[in-house]
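Please arrange chains R and D on chain C, whose structure you already have, making use of the hints.
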Amino acid sequence: MSTDTTIKGSLGVPMKRKEDPRFIQGKGNYVDDLSFPGMLYMALVRSPYPHAEIAGIDISEAMKVPGVVAVITGKDLEAAGLGWLPTFHGLDKQMVLAIGKVLFQYQEVAAVFAESRGAAADGAEAVQVDYNPLPVVADPFTSKKDEVLLRPDREAKTNHIYHWEVGDRDRTDQALQASEKRIRQRMWFPRCHPAPLEPCGCVAQFDKMGRLHFHVTSQAPHVYRTAVSLVTGIPEDKIHVISPDIGGGFGNKVPVYPGYVCAIVGALKIGRPVKWIESRTENLTSTGFARDYHMDVEIGAKADGTVTALKVSTTADHGAFDAAADPSKYPAGMFGIVTGSYTFPTAHAEVDAFFTNKAPGGIAYRCSFRVTEASFAIERGMDILADELGMDPVELRRKNFVKKEQFPFPSVLGFTYDSGDYHKTLEVALEKIGYQALLKEQAEKRAKGELMGIGISTFTEVVGAGPSKHFDILGIKMFDSAEIRIHPTGSGIVRTGAKSQGQGHETTWAQIVAEELGLDPQNILVEEGDTDTAPYGLGTYASRSTPTAGAALAMAARRVRERARKIAAHLLEVGEGDVEWKDYKFQVKGVPAKSVTMKEVAFAAYTNMGQNEPGLEATQYYDPPNMTFPHGAYIAVVDVDRDTGEVKVRRFLAVDDCGTIINPMIVEGQVHGGLTEGFAIAFMQEIQYDKDGNNLNTNFTDYLVPTSLETPHWETAHTVTPSPHHPIGAKGVGESPNVGSPAAFVNAVVDALSPLGVRHIEMPVTRDKVWRAIRDAEAKKGQS
Amino acid sequence: MKVSIKVNGVQYEKDVEPRTLLAYFLREDCGLTGTHVGCDTSSCGCCVVVMDGDRAVKACTMFAAQADGHEILTVEGLAQGGALHPLQQAFWDQHGLQCGYCTPGMLMTSYALLKHKPNPSDGEIREELAGNLCRCTGYNNIVKAVRQAAETLQAAPATK
Amino acid sequence: MNLQYSGEETITADKATVWKFINDPEQVGRCLPDVVDVTVHDPTHFDAVAKVGVGPVRGNFKFKFELQPSAAGDRMDMKITGGGFGSAIDLTAGADVIEAGQGTTKLNWSGQAVARGPVAAVGGRVLDAQAQKLISQTFANVRERLSAASG
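Chains as they are written, first to last, in the working numbering: chain C, 175 to 958; chain R, 27 to 186; chain D, 12 to 162.
One chain only, chain C, in its complex shape (with noise of 0.2 Å):
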């Protein structure tokens, strides 16, 4: 045979990306880029309001502004049978232009056309609308009360969404009666916001035929083009998604926003491609928010640290519309992984949601379903109960972890874990961090009067999502997909279900299908994001691509290896059963020599198959038999100014465990862009309303983004406990890190003011709170 092809090992290879090229290069091709002939600009006219009654829209004089083509409002899209649209989760609907009233600040009024950017702007400043202030709800806690009733165009009059609960609340509560200690704690998880650089938007264009191609910032174009085929009635064959390049998605390209079904409707009444970008303001006032969780957090333990009970009841602020993007039979998602990486006997969470007059959304920011807010609660609580018990916050974990052997382990609150070893990924952050030394200098700091704080955290993720018989959205179940076509030369082309925003899958997904088949990886172009050629998939967010989307392409790249096989035989002249996989070529059983590789196969499939299917092509379509857990443990190391307040994170280390590793370099990647969110969640953001309603935190200026100077130096490590049914060992890692640091952070600036008797600290933990809180002990401190 010919000289040897084979590419061995692409697996774990710190492969530079494939991507690369064309976005340093100024070549890469965002929403934004494109441009059609004749093609319109749209921009949106916005409610000052949070809530008030529309007494009218006067568009005459948006009509004069010269290059302004039409105005179109919430009257004209109801009289299409397009006012309003479904949520993620399809159990609410939002309006898509306003009807009646308004009842978020900067909601959707009305949507310009025009010729330019400048002129679609020009037109939306001069469409007069009358508004008539309504009484504002802007907590959850108000609108409890149903004083104001904000949705009366539901079934139910109240503003009550949902009851959620898991567990067994009688028996919980004895258990937390009875315990030796107790701790309770209310902890809010602020309202923020994931705020890509690249802003969501879209183009809409009908070709000749009437066909729909739509170019829009979406992480799950399949879904978008059975969304926008339900809500505007086009079949679903007449609609083409295609969602480039995008400029990082974090959760809040997920949704589907009024901005995206106003320019379809535009594209179409004026029959000319129509281009809407939103500005900064726009996204992040009111696209999906994330978080908004009032949580009382509740844990029992026996006076030695063990813990008997966990308790968790939730208060969680969705805004004007239930837009939370959470799948239809878990409103709170995947909440209940609450009990964390502990063996707790029993437990009970429960959240009740909220309508208020603010933006909609709860959607996952980099995060899996509100598992940030569940990890956050627990490893926040564990630290406060190793206050209470005068213990090691790390003793008292190692005490409370589920071991090794009890994997797969079933969680108390319905989970099965599938592998970890928790004890192991502990120990090694604690060696690399050097945690004795760093105990003993906080010690001498400590009697000198400063203030040095270490802030573990022990998260479990639940991610992957995930198996059909529990997750759908809109009623699609959470499957994904893969396609694979190895060409004659030995080159192939790839396809998913999933979406890259920045992830690396025209790399890492190269580097599956090049290790399963010994082939080049250089040579697998990796497509996603087109509905026309991609498999329908669920897209990319909840860390679900390497569990879901991953484990396709491992499994259509094994079918691809057993049809190569029958034309290895029949290349080498045996019977099938006599041609074995090994070392990245096929060979004859017991005879290394005699082999082929599969570059060689790949040209017989097309030239010499002898009586086999011709061509060398397989599909996939996996549904996962459980999530995947990933885990880590995190350490934080801070020093705080008395005076100031300020907090300087000095080390933090990120020990994670995401199973087998594809690309090492890209996890590392992943690893280092999680912790800055979680580093921005946990000192810098929040979305603020005043008690009026008012977004305060409408821009860059206001909603703060680490800068390189602020942002840590981030050491990494990590242990590897493959996930035992998906067919390569990985787990997923993208959400970890902002999982798991929030309450790292948070713990060790609380850490750093226990001497002073601090216990809790709201995030963001400013700078100005820090100060607030050391002022306050210090004067309590001074009466006593």
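By construction, these hints were calculated from the structure, which means they are not laboratory data.
Careful: at least some of the hints might be erroneous.
[Claimed, not checked] Label-pair distances were calculated between CB atoms; the ranges are: (1) D:Ala151 <-> R:Gly95: 44 to 50 Å; (2) D:Asp53 <-> C:Asn203: 55 to 61 Å; (3) C:Arg732 <-> R:Val36: 30 to 36 Å; (4) C:Lys412 <-> D:Lys62: 48 to 54 Å; (5) D:Gln123 <-> C:Glu339: 41 to 47 Å; (6) C:His887 <-> R:Gly79: 31 to 37 Å; (7) D:Asp53 <-> C:Thr875: 39 to 45 Å; (8) C:Asp704 <-> D:Pro44: 52 to 58 Å; (9) R:Gly79 <-> C:Lys598: 53 to 59 Å; (10) R:Gly107 <-> C:Gly764: 20 to 26 Å.
[As the list claims (entries may be wrong)] Straight-line alpha carbon distances no greater than 35 Å define the calculated DSBU-like cross-link-like pairs of lysine-lysine that follow: (11) D:Lys73 <-> C:Lys865; (12) C:Lys319 <-> C:Lys275; (13) C:Lys249 <-> D:Lys62; (14) D:Lys73 <-> C:Lys443.
[Said to hold, decoys possible] Derived list of chain C stretches under chain R, where covered just means 3 residues or more per stretch with a C-beta under 8 Å from a C-beta of chain R: (15) 191-200; (16) 450-458; (17) 560-573; (18) 721-735.
Remember, predicted model here, so these are calculated numbers, not experimental data.
All residues carry an ideal CB built from backbone N, CA and C; glycine is no exception.
Coordinates of chains R and D only, in the frame set by chain C:
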């Protein structure tokens, strides 16, 4: 109004609205979509280009008219004769990008930085890049990339 | 964002002159600082367009005025709603008109402003001063114009 701006060595003579921002002039009038826009408040730096050889400017905060008669270098003009600029190579080598949206601005700010400070410390790099936001990388690898590029450029001063 | 202001202007004109002036929409409208255009609809309603600059938010804002004179002729209340740049500002202002002797009249005024939208968010830090200027300057202009006319 008429403006005449040299972009990546090519002279563009265009008739634009006076309010046209340089960022949109580059993207829409010159078709150079590598320069991105990510905010409304001059905060994110996705739009940074280099003016007159060594000055990093935010193209969303300048009118095209203000660049009239000047020379602009955008990310599309970095690679020369099919060879990547050492900064581009370094961002690729060090995994200094993920979604790629901030990358052009990062590259152009770094380009101007290295013109002024050929051998910056990590602290100086972090300080100079503080006007460019990145949501994906956490900056560690970007700092490494700029350092690598500085070393490459110092080793081969003939390279631009 | 809720803001409250009050102040006092002493005008060199008698009460009847002042009362007549502040009941004239055209005159009151022209007292708005940086006013560009006044359109009178009826004796108590008029629109005014004024240049407003609040931090980075700058441009023409359109205000609708409603004059609410007291029957006794000693108090004028004004309701002002307006906006621009996707923002809304609702103002209420009222002034007691008091005979102050020696041919002078006092306007004891107070006002309240509620701002919503980018004006409140982006310009929040400087809004207080701007809204105060808007109201106090209006009353100061009333004094100046009347005093100039009578002097």
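- Query: Within 35 Å, alpha carbon to alpha carbon, are C:Lys249 and D:Lys62?
  - Reply: OK: C:Lys249 and D:Lys62 at ~32 Å, within 35 Å.
- Query: Range hint 20 to 26 Å: satisfied by the CB atoms of R:Gly107 and C:Gly764?
  - Reply: 54 Å, violated
- Is it true that C:His887 and R:Gly79 lie within 31 to 37 Å of each other by Cβ? 33 Å, holds
- Query: Under a C-beta cut-off of less than 8 Å, do 3 or more residues of the stretch 560-573 of chain C approach chain R closely enough to confirm the stated coverage?
  - Reply: Violated - the stretch 560-573 of chain C has 0 residues with a Cβ nearer than 8 Å to chain R, which falls short of three.
- Item | Consistency of beta-carbon spacing, C:Lys598 to R:Gly79, with hint 53 to 59 Å | Holds - the Cβ-Cβ distance for R:Gly79 and C:Lys598, about 55 Å, lies within 53 to 59 Å.
- Assessment of proposed distance window 44 to 50 Å (beta carbons of D:Ala151, R:Gly95): Check passed, 46 Å falls within 44 to 50 Å.
- Message: Holds or violated: C:Lys319 and C:Lys275, Cα atoms, limit 35 Å.
- Response: 21 Å, holds
- Query: Are there three or more residues in the stretch 721-735 of chain C whose C-beta lies closer than 8 Å to some C-beta of chain R?
  - Reply: Since 0 is below three, the answer is violated.
- Item | Satisfaction of hint between C:Lys865 and D:Lys73, Cα-Cα up to 35 Å | OK: D:Lys73 and C:Lys865 at ~26 Å, within 35 Å.
- At the C-beta level, are D:Asp53 and C:Thr875 separated by a distance inside 39 to 45 Å? 43 Å, holds
- How does the Cβ-Cβ distance of C:Asp704 and D:Pro44 compare with 52 to 58 Å: does it lie in that range? 56 Å, holds
- Cβ separation of C:Lys412 and D:Lys62, checked against the hinted range 48 to 54 Å: Holds, at about 50 Å.
Going through the hint list in order, the structure does not satisfy hints 3, 10, 17, 18.
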